Every structure is written in structure tokens, then in C-alpha cells.
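**Q** Starting from the given sequences, assemble the full structure and let the hints guide the process.
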Amino acid sequence: MKDRSVDPAFLRGVTQRRLSRRDMLRISGLSAATMAFAAACGVKGQGTPAVTAAPDFWADKTKHGTLNFANWPLYMDTDNKPELTKFTQETGITVNYQEVIEDDPSWFAKVQPQLAAHQSIGYDLQVITNGWEFTQFKQLGYLAPLDHTKLTNFTANADPVYTQSSYDPGNVFSVPWASGMTGIAYDPDKTGRPITKLADLWDPAFKGKVGMMSDAQEIANFGLLKLGIDPKSSTPADWQRAADELQRQKDLGVVRKYYDQGYADALSNGEIWVTMAWSGDILQLNISNGTNLQFVVPEEGGTLWTDNMTIPVTADNPVDAMMLLDFFYRPDIAASLAEYIGYVTPVPGAKALIQKDADDADNADDRDYFETLVDSPLVFPDEATLAKLYRYVEFATSDLHQQFTAVFEPITLT
Amino acid sequence: MATLRAKLAPYALVLPAGLWLLLFFVVPMVAMLSLSLQQGDLLEGYQQTWHWRTYTDAISTYDKQIIRSLEYGLITTVAQVVLAFPIGYYIAFKAGRNKSTYLFILLLPFFVSFVLRTISWQFILTDDGMVLSRLKHWGLVAENFHILGTPTAVVFGLTYNYLPFMVLPIYVALERIDPRLMEAARDLYANPVQVFGRVVFPLALPGVFAGVLMTFVPASADYVNSTVLGSSSTTMIGNVVQFQYLSSQNYPTASALSFALMAILLVGIFVYARILGTEDVMTVAAR
Amino acid sequence: MTDVAPRTTLSTLDPDDVPTPEPQARRHRRATGRRAERALFVYTWLVIAWLCTPIAVMIMFGFNNTQGRYNTVWNGFTLKWYGRLFDIPALSDAIINSLILAVLDMLIAGALGTMLGLALGKYRFRGQGVTNLVMFATISSPELVMGASLLSFFVTLGVGLGMVTILIAHVMFSISFVAVIVRSRVITLDPNLEEAARDLGANPFTTFWLVTFPMIFPAVLSGGLLAFALSIDDFVITQFNSGTTITFPLWIWGATRLGLPPQVNVMGTLIFAVGLVIAVANAVVARRRARR
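Chains as they are written, first to last, in numbering that gives the first Met the number 0: chain A, 0 to 413; chain B, 0 to 286; chain C, 0 to 291.
The hints are simulated quantities; they were obtained by calculation from the structure and are not laboratory data. Remember, predicted model here, so these are calculated numbers, not experimental data. Any given hint could be a false lead.
To be verified - DMTMM-like cross-link-like pairs, simulated, lysine to aspartate or glutamate; straight-line CA separation at most 20 Å:
hint: 1; chain 1: A; residue 1: Lys-137; chain 2: B; residue 2: Asp-40
hint: 2; chain 1: B; residue 1: Lys-93; chain 2: C; residue 2: Glu-194
hint: 3; chain 1: A; residue 1: Lys-231; chain 2: A; residue 2: Glu-244
hint: 4; chain 1: A; residue 1: Lys-189; chain 2: B; residue 2: Asp-127
hint: 5; chain 1: A; residue 1: Lys-62; chain 2: A; residue 2: Glu-89
hint: 6; chain 1: C; residue 1: Lys-79; chain 2: A; residue 2: Asp-78
hint: 7; chain 1: A; residue 1: Lys-80; chain 2: C; residue 2: Asp-86
hint: 8; chain 1: B; residue 1: Lys-6; chain 2: C; residue 2: Glu-194
hint: 9; chain 1: A; residue 1: Lys-189; chain 2: B; residue 2: Asp-40
hint: 10; chain 1: A; residue 1: Lys-249; chain 2: B; residue 2: Asp-177
**A** What follows is the structure in C-alpha cells.
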């Protein structure tokens, strides 16, 4: 029995309509103003700006002596930075190296407002994967055309296949940093058996112990390849089928989490046993942690991607960026980088240098390591491996891309 | 002349702050509403088309996350009322001279960054970390037991991070109760349960409501706890909004979800302000 | 409407009419009362311990003599990280950004909020209700929505994101807190003092500087410090409006993938310690002032 009854006057006050005519006028005025304002709002389209011809862009740029480099994690020996140190010694340019790129969509979303406002993003060099975001960077005019007069090392040493890429023919805006493969990594001690197929990622025996990537382009490829569909020729109907398959995997309860970068950690500390992974990460992990993780390109197929160095159009120090860009195409520098990161180098000449390091090695461990690198199809892919590798899905229009993300996003977000 | 200046004085004082709030709080809300009704993409630009379907599409696609967020918010709030009430009671009635010291100690952990605190918990609760490795070693839990990645972990984090917002209002309300009322009840042969149930708790209700408001709203909209301590099965609407803005750049959907969430919560806030007044919350903020 | 609610009062019972309970019942009740009190005491301290656990862990691992990249396993006590605090340039930049923003926020929001609080506390004016409502909304709105709306706004305007937009956001949500604190102090001021100053011929400016401001200064300082704390700690709203600029919380968020270096623990500990010292000093000064 509640003794606290509400004062009737209070109740009346709360529930009665108290709008006077003045209040109505005020509210309608405010609403009208709000609607007018809302109607007037619109985000300006960027359009496809005309590409500044390279000579015009570089005409007034000079060397400044400093450089800000944005890259992905596990793409350089950050403890010693041997290549950057050598670069600074030879050119006097100090490099500020930041591993700030986690995945392409979030990086693009981060820098797009600043680039649209013609502001510097604080970086002169950024590494972007060949995917939808690269296309957008290009189309929206956010990338500076490279100064090919400065690309002497590239012209001399790069693998010719990279000069005719579908996403940037002629290397107008980019040169590759490294290529890599998305495949499956696993801990053989935990799984008890070798993993060879994409279907193993769906295996209920690994319930709660499977890691998948959160990037829509990555999981879409795995879904499509598991169903035997070539991503290049896939249609929206195919995407839906792949999404359903991925949803089935999720409903089985096998997936522990959708990672953007943290799968390597999770695999090494036992949180997961099997995961989608990038080839070089596992190599580096085994070196630094002494683990015995395995990486395979699945039977049904894996993904081959290329990460590219690009210069944002609002860069503060583009000339210095150009110099570093070309510096990494010197065979000795390319070899040094490939030896640490374990990814596919765009400089074929590096192979011979790594072999030389293997021959000159003073202890067995080092020699084994270098030999493994030279022989590994993950670092110097052979025809057989390349046959199993596919590129990301490409989109002719923005609408198709929106359709694509709408199909795959709910899987990682739900 | 002097009276004119006196009359204008308050307006002059309010103007700078008022302008700032108008320009950077009210107007952006309208901009967000406007953006949610637009269509387009980055290349062509977004045009205002009054596309109300964005709302229905967004809410139906992410209805699970919305419900989940409200669920977690509710559980968190209830857990916090239960946790916070005894503390508020103790400090208000039994702490005597040490009241402010207790309040101080209670608020002490919140001098450390929110992100750092949550990440600290992730470190403590990790599968083979300090807590779980001991428990597994003693055989108290299964080998593959894990706390991180479960809804429990997320609610745990939410309860932890927003606890002071519940303790303070309850304390303020309890402190205002005249202890002679309780004494009178006891003298009338009321046992302690009755004293609590019929005197203390009803009088503390305004504080509880203030605490609920200041806890439920931010907890439902949180995404940090879900990202750090949870997994993809604990995705909250905050995660979706953050993802749509800062990854997909799907501005219309993102704005629609954000605006819808705000509308749901604002309805609650305004109803609250109407019935219970803004004083309680403002007083607590002042502390 | 005053801020200090009146104490709930007794009904009209005459004390002599109320019978007193038996002595034994009273003793029993006192015993259970004490047991209950002790239980509450233990409970309160358990909760306090729980609240402090992550802080303690954070502080402890700032002294960890870790060798590798990861600061996860205890490896012995060391003070070396306190000396190598600025070893990571990006982290140092981030903390400097955070400090700059916090100081600017303290000054700007402090000024604007004080003026607002003053007006709300001293005067009655048209639009007071709306102002109150907007302030209430900024205090109780979820950060997610405030951050998202600001981003929508900046995107619509086409202005880039960076320190300026972050500062705008921080000041926006700090103003209301400062205003509320100042207002609650202004309300308790004795209007006679200002009137006396005016009677003695002081113009409004002098009155404010020499009479009002010193009296509200503790509140202004409190509000400013709160704005500082809110700014240095803010994550959600900052993440939405920072673009590529990195603040301390944002740096931590980005670094969790690769493991947090001990420097983060050290910086967290230092910020915590500074906050602690200031709060204690504030309390001590307030107590001394009250005693006077």
C-alpha cells in the first residue's frame, strides 16, 4: 500500500497541455528554420579532378630534409630500422616512421576529410593496398603523380609485371612496397593435424578457436573461393552466396573474433588455433617469438595483394618522399627489407643477394633462415603458387561497392 | 544608462558560451539529421533527398545491435544500483567525518584515462593472464574457459566504468534524508528491513533515478568496452555507428543510426527532466 | 529554485506519546546494527579495492623490467622506464598534443563557463530555461552522439579535421560542467557584498574583479581543473574529430594491437599522481578556508 500518492495538482501540471499560442509559433518557427537548414545542407561532391601533370606538380617542390612515413605494422624492423638509417646517412633526410595504418577503409575514412579540404594529413608517404580504397584515392585526386625522372632504381630493378598492373598502369601514382598472400595460419601443436583447405576454417572441431579477418574484401574472397567462384568474375548473386556461407561459419560458432591486426597475437598466445593470416606476419612471428606456426595457401585458393607506396597530394615533403620511394628499389635495400618482413619483394634481384647472405652466414641458424627465404614460394612465388592466388573483387561503380559492403558488413558487425 | 547595462549584463555574459553551444552542439545535431536524409557518395557528393528510408533500413539491419545495447545498458544499470546503494548508504550514514575522504577514494581510479582502465582489465582478464591462469592452475575452471569476448566481460566493463555515476547521485539523495526520520521509524517498532523499505529507499528514489539516467545513457551508447573486452558477438550499436563513420564512411546510415539512438535516449532524458527536474543531475555534475 | 533541497522533516508526533521499546530488544538491535555496519564497511572497502585493481596493475607494470616487445609478464622491479619516458617519439607527440588541448580547453571553457555560470546564478533572463536544457543535454548526452554530430557538421562544412576541431569539441562539452560548478557557488554568494561595493562607488568591472571573482575563484578553479581532466581523458569524441592527429588516449587505442609499452603505464601513473596531488591540495585548501 503506497502512502505516497501523487499530488493531483502535480499530475495535472505534468499531463496537461500547456502550449500557448506563443509556444506554437516559436516551435513552428524553429522547425521551419531547421528544415530549411537541413535542406540547404549537402556534402559537396569531389568530382574527378583533372590529374595535375607530373611536371606541373613537381615544378616548385624542393627537398626539406625531413619525411613522415605512414605504414602498416610488421612492415619493417622498427627496432633497428637498418634501411632508414642507411637512407639518412646517404641523403641527410630524417624519416619519421609511423605504423598507423590498420586497414585500408579506416585509413581512408581518417584522411579523406583532410584531403578533401586540401589539408596536409601529416604524412608524405603512405602505403595502400590495391583495392577499392586505392581506386577512390585515385579517382578523388588525392594522390600526387610520381616524378618518374627520380625513379631510376625502380626502372632498373623492379619486376616488369608491376609496371602493367590493372589498378595503376604505368605507375602514375604508385610503386609497390611489397606483395603478400592471404592464407591460413595455424598452430600444429594445437590442431594436431596439418591444415590445407579453406573448408578447415569451417571445421566444427575448432569451435571458438578460429580467427577471421574483419576486412570485407578479405573474407569475401575466402567465401567466394570456398564455393569455387573466381572473385574477378563474381556477381552480386555470388556475393550473397559467399555471405551466406560465411554466416553459416559464424552460426556454427567456430569463429572467435574478426580481427584487423590482432590475429597474430591471438594465435601465438593460444586464443585461436587456426586463422586467416598474411604470409609475412607468421614468418616474423616465428622469428621473434620462437614459435612454430605454419602458413599455407589453401587448396581452393588464396588472395594475392600488393601494398603500394603513394604520396598524398597535400604532402609537405614530397621530394624527400620520392627519394625514399626510389631508395627501396636498390637491390641491397630490397633484400634487407625482404629478409625481415618475409613478404614478396618487387625487386627480383634481391633473391641473389639473399642467397649471398645465406652463403656468407657464419652460423647454421642464419644460413637456414636465408635459405628458407630464398626457397620459399611465399617470398619468391613460383608458377604453381601463383596459379592458386586470386586478386580482390573489383568494382566498376560506387553503387556496386556499396552493395558489396552491405552484403558482407553484417557478418563482422553482428 | 546604468540600468540598461544591468539589464544587458546577463545576456552579454551568456552570449559567448551560448553561441559556442549553439554552433557546436545544436547546429551539428541538425547537420546530422540532415546528413541522415541525404544520398550519394564521395565522388558525386551527397544530395538532400529527404530519404527517410535510410532510417528504416538502418534500424532493421542493425536491430539486433540496438536491442543488445539497450539490454546491456539495462543489466549494467540494475547491477550498479545493487552495487552502489550499500556504498552510498554507508558513506551517507556511517562514515561520519570521513565522508569526503570516502568519496574521494571512490573517485580516485577515475583520474586514469577511461581507455587505459579498460585495457588494464583486458590485460587482467586475458585467457592466460593473472586471474585465469591461477584459476585454471587450481582446476577451478576449464582449460579453454575465457572471460574476454563474452557479454559478461562487456557488462563487467560497463558496470565498472560508470559506477561513480551511480554512487554519487544515490549518496547525494541519501545524505539529504534527515536521520531523525529513521530514528522515528525505529522507535515505532519498525525492524531494519521496514525502515529501509518504507523510509530510506523511497526517499532515495530521486537519486536512483538520476543515477539511472547518468548510467543507462552512456552505457548503451558505449563501444569501447565492447571492442576491448568483447568480440563480434557482443557488437553494440555504438560499434556500428563508429564503424559506419570511421571505416565504411557510410554517412547517411551512420547519421541515421546515431540520430535514432539519440532520439530514443533523449526522449528518456526529457521525460526525466520534465518530471524530476534537472537539479539532481546538475548537482551531481557539480561534484 | 534553489540547489540545496530542504531536509525532509518530521511529522507532528509528540515525543511523549511515543512508547519506547524494551531494553533487551534495544541491546539486540544495537548488536545487529553493529554487525550490519561492519558488513557495510567491509563491503565498501571490497568495492573500493575492486575499483582500484586496474589502476594498481597499471602502476605496477610501469615498474616491470620487461625485455621484449610485450609488457605482459612480470620480470623484476626497475625504475628505468621513468628515465626513458620520451623514448617513443610518437607517444611523446601524442601526450604533448593532449596537454596542449587540455590547457587550452581549461582556459577557454573556464572563461566561457564561468561567465555562463555567473549569469545563470545571479540573474533571471529570457531564455534561461532553454539554456538550462541545452546544458543538461550536453552533460547527459552520450559522447558517441556528440562526436558523431560534430563529425557530420565538419564533413558538411568541408573543413579538415585536426587540433582545431578537437579543441572545439572539447570546449563544447566542458562548458556545461564549468558553468554548473560556478553556478552552484554563485548562488551561495551574499548579494549584500556586491551591493556594498556598488554603494561605495565601484563600477561593475571593479565590483566583479575585486569582490565577486575572488569569492567564486575556488569554483572557477575547480571547473577549470575538471575541464582539464575531461579533455586529457577524452576518447570517443576525439576519435571522431581528430583525423590523423593523435592524442594520448588515441595513441593507446592504436597501440594495443602490438602491445602497450611500459612508457604508457608510466605516463598513466604520472597523470594519475598529478591529479591526485591537485585534488588533495584542493581539499586541504578548502578545508583550511572553511575553518577560517
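**Q** Which hints, by number, does the structure contradict?
**A** Hints 2, 9 and 10 are the ones this structure does not satisfy, whereas the remaining hints hold.
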